[in-house]
Amino acid sequence: MHNFKVFLQLCSVNLKVLFTYRASFYISFVLNTVWVMSFLIFIEVLFTQIQTLAGLQKGQVLLIMSFYYLFQNIGDILYRENFESFSEQLRKGELDFALVKPASSRTLIFFHRMRFDFLASFLVTLLQCVYSISQLNTPVHPGFLIIGVLYSFVGAVLFFSILSIIATFTFWLIKNESLNSLIWNLSQVARYPRGIYLGIFGKFVTYLLPLALLANIPAEISLQFQENTLLAYFISITIFLLIFSKIFWDFGLKRYSSAA
Amino acid sequence: MNKLKAYFNIGIQNGLQHRFQLFYWMLLNIFPVIAFLFVWWNVYEQVDTIQGYTLPMMMTYYVITRLINRTISTYSEIEIAREIKEGEINKHLLKPMSYFTYKFGERLGIRLITLIINIPLYIGIFFFFHQYFILTIDLTTGLLLLANILLSIHLFFLISYFFGMTAFFLTETHALFGIKDHLISILAGGLFPLQLLSPNIRDILYILPFPYFYSFPMDIYFHAISNTTIIRGFSIEVIWICIMTYVVHIMWEKGIRRYEAVGI
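In order, the protein sequence lines correspond to chains A and B.
Just so you know, we're using my numbering here: the first sequence kicks off at 1 and counts up by one.
Just so you know, we're using my numbering here: the second sequence kicks off at 1001 and counts up by one.
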């Protein structure tokens, strides 16, 4: 509860930053438009050649992509910038401000700087979602769509846990300046229908490092063809990785030495 | 030249400082490549060719463009912008050396180490999955590719340097870098071969510098273009290097005049 209050306080501070630098809001809108358009063009080009991708039609693939952007948007707003700067902070011994405060160090470090200017990206994602729904052959029930959106938040929590585990390795690696590109690279797997991933790699990204589930589960719920066992696994692995990442973080923190 | 060599050595040392980072970064960087390969694998279960591209050609295209990306991309803009904003550029301004030359040499050194670390992975991919790739290359094609890569390293760095120096003029540059990365990715043929686009759009894109990073070298690799087109492509790339060199020079002059450093 205490950490949640800290989280809300951080939200409040960062909202004030948004109103100080309003131009960032418009720049983020342009950035996300470019980002969404680039992969939209890719899918459109792809579907000029084929009818389905892993058994899914264009609208369904686009809906998966919409949920991918949604959990990415949540991450961009809440924690992405903090992961990108974490390595530098660690290297310079600048984590003290978080470690001496009576709150969860992980909350303070990874939610310190929130980017509410990326709220603009929700608009772009919404437009993408509307377009993908327009391409579907069967209508989507609004109730299931809302449940899908809620599961995107679960996906954001799962992705946060995965990133937290990777970032914790920085305590041993010291220099991990590529975290930004790592975040981008890992998330690419989540963008496409999970049915395309076959063999050992498919099992790996579905069960061991469940990146393939991040956007697929919310989309499958919205389209009402989710597998209940996989859904239960999705929730379970999210809870497990959230707890494990916290334990691993505390273990890694013991290696930290301040520069003060 | 001696200075460039010294900065190159600094870059190598920087790159070797944290070796394990390079190794695990190499492993994680393969994820987008694998994702794309699985997408196209699925697509080619439904069709045999797409605009003349067979499955082996498409697989080869993605893996080799990824390797080219590892070679030519410097992404110096983040580091340059950070040094400008945090005042770390001061120490470079006080020294009798060109900041551009320093950054170029340093980044080349880091790139070399990254490439050396990544090459075994790509050799492994080609070795174990050779039936899915087209790996024949003659001497002429190899030399042309090498020439293109050398030019592309220079051009990519100039573009990165240009974006990095926007930190002299803008408070927020993070989003601008993201836009640049996505635009290059599409316009260079990083997402899909530009051959999949209409000829009119392709003709317009080939006036820009970006297709010469990935699409043009792959056209050379697959012998898909004539000698005249190859000469034209190299000429356009050289022209863009000249243009960007001039633009970067002007930006530096104007940026330095605006720059304020606070000393202790």
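Hint data in this document are derived by calculation from the structure and do not stem from the laboratory.
Treat the hints with care, since some could be wrong.
[Claimed, not checked] Once the Cα atoms are required to be at most 27 Å apart in a straight line, the calculated DSSO-like pairs of lysine-lysine come out as:
#, chain 1, residue 1, chain 2, residue 2
1, A, Lys-254, A, Lys-203
2, A, Lys-5, A, Lys-101
3, A, Lys-203, A, Lys-5
4, B, Lys-1254, A, Lys-203
5, B, Lys-1254, B, Lys-1095
6, B, Lys-1085, A, Lys-92
7, B, Lys-1095, B, Lys-1180
8, A, Lys-101, A, Lys-203
9, A, Lys-92, B, Lys-1254
[Stated by the list, open to error] Just so you have them, the derived chain A footprint on chain B, three or more residues with Cβ under 8 Å:
#, segment
10, 1046 to 1053
11, 1172 to 1179
12, 1190 to 1196
[As the list claims (entries may be wrong)] Pair ranges (Cβ atoms, derived):
#, chain 1, residue 1, chain 2, residue 2, range
13, A, Lys-203, B, Arg-1082, 57 to 65 Å
14, A, Ile-235, B, Val-1047, 48 to 56 Å
15, A, Thr-229, B, Ile-1231, 31 to 39 Å
16, B, Leu-1094, A, Lys-92, 42 to 50 Å
Beta carbons are placed, not taken as given, at the ideal position from N, Cα and C, and that holds for glycine.
Evaluation of the provided hints:
1. Annotation: proposed proximity of Lys-254 of chain A to Lys-203 of chain A is violated, straight-line Cα distance about 33 Å (limit 27 Å).
2. A hinted pair counts as satisfied when its Cα atoms are at most 27 Å apart, and Lys-5 of chain A with Lys-101 of chain A qualifies at roughly 14 Å.
3. Between Lys-203 of chain A and Lys-5 of chain A the CA atoms are separated by roughly 38 Å; this puts the pair beyond 27 Å, and the hint is violated.
4. About 54 Å separates the Cα atoms of Lys-1254 of chain B and Lys-203 of chain A, which puts this hinted pair outside 27 Å; it is violated.
5. This hinted pair checks out: Lys-1254 of chain B and Lys-1095 of chain B have alpha carbons roughly 19 Å apart, not beyond 27 Å.
6. Distance hint between Lys-1085 of chain B and Lys-92 of chain A is fulfilled; the C-alpha atoms sit about 17 Å from each other, no more than 27 Å.
7. Under the criterion of a C-alpha separation no larger than 27 Å, the hint pairing Lys-1095 of chain B with Lys-1180 of chain B is inconsistent with the structure, at around 31 Å.
8. Distance restraint check for Lys-101 of chain A and Lys-203 of chain A: the Cα-Cα separation of roughly 41 Å exceeds the 27 Å cut-off, and the hinted pair is therefore not satisfied.
9. About 31 Å separates the Cα atoms of Lys-92 of chain A and Lys-1254 of chain B, which puts this hinted pair outside 27 Å; it is violated.
10. With a threshold of 8 Å between beta carbons, the proposed coverage of the segment 1046 to 1053 of chain B by chain A holds, since 3 of its residues qualify and at least three are required.
11. Chain A is given as covering the segment 1172 to 1179 of chain B, and this holds because 6 residues of the stretch bring a CB closer than 8 Å to a CB of that chain, at least three being needed.
12. Beta-carbon proximity to chain A at under 8 Å applies to 3 residues in the segment 1190 to 1196 of chain B; the threshold of 3 is reached and the given coverage holds.
13. In this structure the hint that Lys-203 of chain A and Arg-1082 of chain B lie 57 to 65 Å apart at CB is violated, the actual value being about 40 Å.
14. At about 38 Å, the CB distance of Ile-235 of chain A to Val-1047 of chain B disagrees with the hint of 48 to 56 Å.
15. Taking the beta carbon of each, Thr-229 of chain A and Ile-1231 of chain B are about 60 Å apart, not inside 31 to 39 Å as hinted.
16. At about 22 Å, the CB distance of Leu-1094 of chain B to Lys-92 of chain A disagrees with the hint of 42 to 50 Å.
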